[in-house]
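Visitor: If you want the building blocks of each chain, they are given just below.
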Amino acid sequence: MVDISREAADLIPPAEVQDVDLYHPTSWWTKYVFCQDAKVIALQYSATALSIGLLALVLSWLMRLQLGFPGVFSFIDAEHYYQFITMHGMIMVIYLITAIFLGGFGNYLIPLMLGARDMVFPYVNMLSYWVYLLAVVVLVTSYFVPGGPTGAGWTLYPPQAILSGTAGRDWGIILMLVSLILFIIGFTMGGLNYVVTTLQARTRGMTLMRMPLTVWGIFTATVLALLAFPALFAACVMMLLDRVLGTSFFMPALVEMGEHLSYRGGSPILFQHLFWFFGHPEVYIVALPAFGIVSDLISTHARKNIFGYRMMVWAIVAIGALSFIVWAHHMYVSGMHPYFGFFFATSTLIIAIPTAIKVYNWVLTLWRGDIHLTIPMLFALGFIVTFVNGGLTGLFLGNVVVDVPLSDTMFVVAHFHMVMGVAPILVIFGAIYHWYPKITGRMLDEVQGKIHFWVTFVGAYAIYFPMHYLGLMGVPRRYYELGEMAFVPPSAATLNQFITIAALIVGAAQLLFVYNLITSVFRGKEAGSNPWRAASLEWQTPETPPGHGNWGKELPVVHRWAYDYSVPGAAEDFVPQNQPTVVRSA
Amino acid sequence: MPQTIRNPVEWLSDEIREVAKGVGEASRSLQRTSTHLRSPPLAINRIAVSDLKEVLVKGFDDFGAYRTDIIFLIVIYPIISLVIVTAAFHYEMIPLLFPLASGSVILGPFVGVFLYEMSRRRELNFARHHEDNHSWANALSVIRSRNFGTIILLGLILVAIYLVWLGAAWWLYRVINGPQPLYSVSRFVQDLFTTQAGWWLIGAGCALGLAFAALTLVITVVSFPLLLDREVGLATAIMTSIRAAAANPIPIAAWGIIVGGGLVIGAIPLFIGLVIVMPVLCHATWHLYRKLVPRQAPAPPPHHHRKAVAGALAAPSIDTLEAKTDEGQIVALVLTAVAAGSVLFHLVSPWWWTPIASNWNYIDHTITITFWITGFVFTAIVVFTAYCVWRFHHRPGVHAAYEPESKKTELWLTAGTTVGVAAMLAPGLIVWHQFITVPETASQIEVVGQQWQWSFRLPGKDGKLGAFDAQHITAENPLGVNPNDPNGQDDIVISAEDMHLPVDKPVKVLLRSIDVLHDFYVPEFRAKMDMIPGMVTYFWLTPTRTGTFEVLCAELCGGGHAYMRGRVVVDQQGDYQAWLGRQQTFAQSLPAQNKQAAK
Numbered sequence: 000m001v002d003i004s005r006e007a008a009d010l011i012p013p014a015e016v017q018d019v020d021l022y023h024p025t026s027w028w029t030k031y032v033f034c035q036d037a038k039v040i041a042l043q044y045s046a047t048a049l050s051i052g053l054l055a056l057v058l059s060w061l062m063r064l065q066l067g068f069p070g071v072f073s074f075i076d077a078e079h080y081y082q083f084i085t086m087h088g089m090i091m092v093i094y095l096i097t098a099i100f101l102g103g104f105g106n107y108l109i110p111l112m113l114g115a116r117d118m119v120f121p122y123v124n125m126l127s128y129w130v131y132l133l134a135v136v137v138l139v140t141s142y143f144v145p146g147g148p149t150g151a152g153w154t155l156y157p158p159q160a161i162l163s164g165t166a167g168r169d170w171g172i173i174l175m176l177v178s179l180i181l182f183i184i185g186f187t188m189g190g191l192n193y194v195v196t197t198l199q200a201r202t203r204g205m206t207l208m209r210m211p212l213t214v215w216g217i218f219t220a221t222v223l224a225l226l227a228f229p230a231l232f233a234a235c236v237m238m239l240l241d242r243v244l245g246t247s248f249f250m251p252a253l254v255e256m257g258e259h260l261s262y263r264g265g266s267p268i269l270f271q272h273l274f275w276f277f278g279h280p281e282v283y284i285v286a287l288p289a290f291g292i293v294s295d296l297i298s299t300h301a302r303k304n305i306f307g308y309r310m311m312v313w314a315i316v317a318i319g320a321l322s323f324i325v326w327a328h329h330m331y332v333s334g335m336h337p338y339f340g341f342f343f344a345t346s347t348l349i350i351a352i353p354t355a356i357k358v359y360n361w362v363l364t365l366w367r368g369d370i371h372l373t374i375p376m377l378f379a380l381g382f383i384v385t386f387v388n389g390g391l392t393g394l395f396l397g398n399v400v401v402d403v404p405l406s407d408t409m410f411v412v413a414h415f416h417m418v419m420g421v422a423p424i425l426v427i428f429g430a431i432y433h434w435y436p437k438i439t440g441r442m443l444d445e446v447q448g449k450i451h452f453w454v455t456f457v458g459a460y461a462i463y464f465p466m467h468y469l470g471l472m473g474v475p476r477r478y479y480e481l482g483e484m485a486f487v488p489p490s491a492a493t494l495n496q497f498i499t500i501a502a503l504i505v506g507a508a509q510l511l512f513v514y515n516l517i518t519s520v521f522r523g524k525e526a527g528s529n530p531w532r533a534a535s536l537e538w539q540t541p542e543t544p545p546g547h548g549n550w551g552k553e554l555p556v557v558h559r560w561a562y563d564y565s566v567p568g569a570a571e572d573f574v575p576q577n578q579p580t581v582v583r584s585a
Numbered sequence: 000m001p002q003t004i005r006n007p008v009e010w011l012s013d014e015i016r017e018v019a020k021g022v023g024e025a026s027r028s029l030q031r032t033s034t035h036l037r038s039p040p041l042a043i044n045r046i047a048v049s050d051l052k053e054v055l056v057k058g059f060d061d062f063g064a065y066r067t068d069i070i071f072l073i074v075i076y077p078i079i080s081l082v083i084v085t086a087a088f089h090y091e092m093i094p095l096l097f098p099l100a101s102g103s104v105i106l107g108p109f110v111g112v113f114l115y116e117m118s119r120r121r122e123l124n125f126a127r128h129h130e131d132n133h134s135w136a137n138a139l140s141v142i143r144s145r146n147f148g149t150i151i152l153l154g155l156i157l158v159a160i161y162l163v164w165l166g167a168a169w170w171l172y173r174v175i176n177g178p179q180p181l182y183s184v185s186r187f188v189q190d191l192f193t194t195q196a197g198w199w200l201i202g203a204g205c206a207l208g209l210a211f212a213a214l215t216l217v218i219t220v221v222s223f224p225l226l227l228d229r230e231v232g233l234a235t236a237i238m239t240s241i242r243a244a245a246a247n248p249i250p251i252a253a254w255g256i257i258v259g260g261g262l263v264i265g266a267i268p269l270f271i272g273l274v275i276v277m278p279v280l281c282h283a284t285w286h287l288y289r290k291l292v293p294r295q296a297p298a299p300p301p302h303h304h305r306k307a308v309a310g311a312l313a314a315p316s317i318d319t320l321e322a323k324t325d326e327g328q329i330v331a332l333v334l335t336a337v338a339a340g341s342v343l344f345h346l347v348s349p350w351w352w353t354p355i356a357s358n359w360n361y362i363d364h365t366i367t368i369t370f371w372i373t374g375f376v377f378t379a380i381v382v383f384t385a386y387c388v389w390r391f392h393h394r395p396g397v398h399a400a401y402e403p404e405s406k407k408t409e410l411w412l413t414a415g416t417t418v419g420v421a422a423m424l425a426p427g428l429i430v431w432h433q434f435i436t437v438p439e440t441a442s443q444i445e446v447v448g449q450q451w452q453w454s455f456r457l458p459g460k461d462g463k464l465g466a467f468d469a470q471h472i473t474a475e476n477p478l479g480v481n482p483n484d485p486n487g488q489d490d491i492v493i494s495a496e497d498m499h500l501p502v503d504k505p506v507k508v509l510l511r512s513i514d515v516l517h518d519f520y521v522p523e524f525r526a527k528m529d530m531i532p533g534m535v536t537y538f539w540l541t542p543t544r545t546g547t548f549e550v551l552c553a554e555l556c557g558g559g560h561a562y563m564r565g566r567v568v569v570d571q572q573g574d575y576q577a578w579l580g581r582q583q584t585f586a587q588s589l590p591a592q593n594k595q596a597a598k
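Chains as they are written, first to last, in numbering that gives the first Met the number 0: chain E, 0 to 585; chain H, 0 to 598.
Okay, chain E solo, but in the shape it has when bound (with noise of 0.2 Å):
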């Protein structure tokens, strides 16, 4: 994979500067606060993300508690559970994934795996991040108000998310809505960041078909979102506007509890197809990052190149672009017209093939590689079985037939939380236990990794896969108790039990996880410059933890592609990707 002889590489001048070009920080302020380096950001993110995470991960043990021990704790009724619902949700897609998919990682890696000295736009990334915070304080804000936050469901489906009969409904909902203006506020930011410093920042020798399938994923994600987001944006302006002035954009004359409201000529079907315009390609936003990481992963703990590099990138770029034709699969029994549902689940199941041919060269990369059995090759190894889990159950609900008894049921709940809940987290973790070295200098605990791992792992499988046969014998979702249900034996009262307490042990090894993050930054052992053998470029930092700037005064040239691993007769079983040959063994 060298395009460039010897020689001829010998003759390009080093891309030098001196160090006063390069605007170092002087201020504390300056350097860990409000600090325009991409990788302070990526942790500001990532810590951001993980706090308010923590948030939606006790809201979930709360619905838990409701669903399998109902009547028992009194204090949650139906208005809180629909709260816990809506924030959980929201929370976990938006503000904890997308948020640390993209700001996190996005910010960390996209500079030092193209070796770029930073984002194209460092003052704007700033900017990015704290109006990012200020979206998460305005939805934590909602606890405060008199109503509390919103329970439309993370959906926010009008008419009754704005309607009396919903919790929130007088300040929550608000909140929510400008929440998620300023989120996509701050995301546009951040993201346009990402996409030209993708595209303009790259160091010689780095070309597009060189780039690691990580930043692929993020880069494909956040043009995703660049064109997603804004229809999201739309929405909640005008249901903001329907709100506040009275307008009729979502809302229909109606009459609510015998009172006719002044409402007319609006369509909720309208606001569905926006909401689902952006919230389809969210889900391929959380899972094109997953799918590059995790191939990353892979490759690099299975020693051995990615099987079908070009396959991997032009599979990312087809599902990018489908991403953006399948959104009605979300609403094949709303009421739209019934047409579209030959379209939209032939749409659906097309995209099923460029997925599956991921899958296939992520199991075919490990297929005669020299697998370390690493934390991150762990949860690489959990993703696949997940992933490949949601995603299979996805040809349940895609097709537009087989959806109409299984939607809006437990089905779709174990469905979406095994494909792009499940599946990505165990990525991320996957991630940090790959990438901590780097940031910290220190490896992550091993023995509690491996207890993290495992327990999430097989205890959230336990939540999810069982949960699909309530989906499949009729239990609806989002009912706060299922109560008499003739069709629902009693044993299935014993099965979400078990799913509770499956959960809650999941989430208490969550605890563990964040004290092995805290404490391996003072006793974690001393990684070195490159723990894990990788071939990437951000290994090949003259720093660990690289220093403002990544690159010192020089940078990098690249002359291969990031998976040259195990290279038949080299010396290593890896060949950075800014060596020049290849070291022959003697």
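No lab work stands behind these hints: they were computed from the structure. No residue lacks a Cβ here, since even glycine has one placed at the ideal position from N, Cα and C. There is no bait here: all hints are sound.
In silico contact screen, one side only, chain E against chain H (beta carbon under 10 Å); selected entries: (1) Leu253; (2) Leu260; (3) Leu365.
Residues from chain E that keep clear of chain H, each with C-beta distances beyond 12 Å, as calculated: (4) Cys34; (5) Ser50; (6) Leu207; (7) Phe232; (8) Leu240; (9) Phe323; (10) Leu516; (11) Arg522; (12) Pro541; (13) Gln578; (14) Thr580.
Model the placement of chain H on the given structure of chain E, informed by the hints.
Guide: Just chain H now, with coordinates in the frame of chain E:
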């Protein structure tokens, strides 16, 4: 020097070719035993039917030596059978009951591996003049066998054969009997033995079953013990087994009859006899293997076999067969257990769809097809991943292959996936077309949702629903029917009461809401659709059995969402008419002044 790299698909096809070639070679080598073109296949003894007696005696002997402990292990087998039987009842798939139970014999040789290992250990200890502890723990040393992965792989092949058998049996049933629903076990048994189709089913089913049994016997009679005994690859094991059967057709056939007969006899007293028959047969299988494959035969030179490239180690002695269990094996086992546990959960869990009460059993069928395809893919991928982890777990000095891509493999996998996706999509779209095509004969009813209750409206004698608008909604006219529309006068409005439907009559359900989104959902009907203020949505169905069914709201509609319940009663025609006769019309329900205003 870089080795040529091959991916699993290519490898598999090569393996198959190898086996085919091996079979051809085997028949040739039987004629000219002295000349071999390539690696010498394992030698095979010719045995006589009378040898089987000795084999059985030795099997009894092992059984006697181990018996106290063995029973514990063997109980598992009948339990599995009983579990499978329960699953069949639960599924209401009575026709699959017999194939499920009888087919589990296909898995027998795999389960028996533990007993082969016990016999092997006993034999080994005799040879060394050691005291034998005769502990069932001997069985567990299978796990430490270097061939454990291959044994699991062969086991999975048997599982696949089992699944194909179930599929074939089901297909046969559908071909012969057609897709009629079943009502009871006794009805099924009666049909089976009293109708011509029933006898056809018995005959064809048994013939088909015999073919599957013969296939299993031929590929496993020697392969499992051989894998325990020596370091050979999967292809060699299966090939040797096939050759052994080819060389001794009559004794092997006799052995098959003994196995089948023994199991039938053991199964008659409610499977209890299996506790004796199974272990004896398993132990005897080990000794049969000893008869068929001579002990001192040289191990095949590995470089002649492609699988040697894929990883089989050089031929070791019995003593070196036990390797330390490493982390790779543990991870692989857990992954396999996740896949197997999922399949098992699917088969035995008591949570399944509620019995259908509408014509939409096509939807259930599409779900079943999807379960088969996705279940197969899931198991295959997870087990393959587990195999990779087990097989390619880091060993000092071993490097990974360098394999950037393989266009051929990727093309084949893409094509295969496309076919699988099409196989699910096509029936789905066909059924969707039916779902949205309302028959001309369908009568209309209207369901109206509001926070948090259900109301219904029937079109009355004229068959036409009156117009409605939100502005007409009052306490007396909760559904907002236009009081000036003549079509609406004879409409029947049912608030906060059960809705009734006649059985076997197609009905178009018109759905609307007067406040927020709701979703009319009756699990037994399999159909559901959102209800939207300002719009009318619909679906249609034909109720197929009488009964009372719960109506749930399936679209979050505020704090009372979980309590928004109603009931639909499906009646025989007579009962339905009687109920209908008791209902008031819209005009009758309005207070007098409204009626005058309407005039």
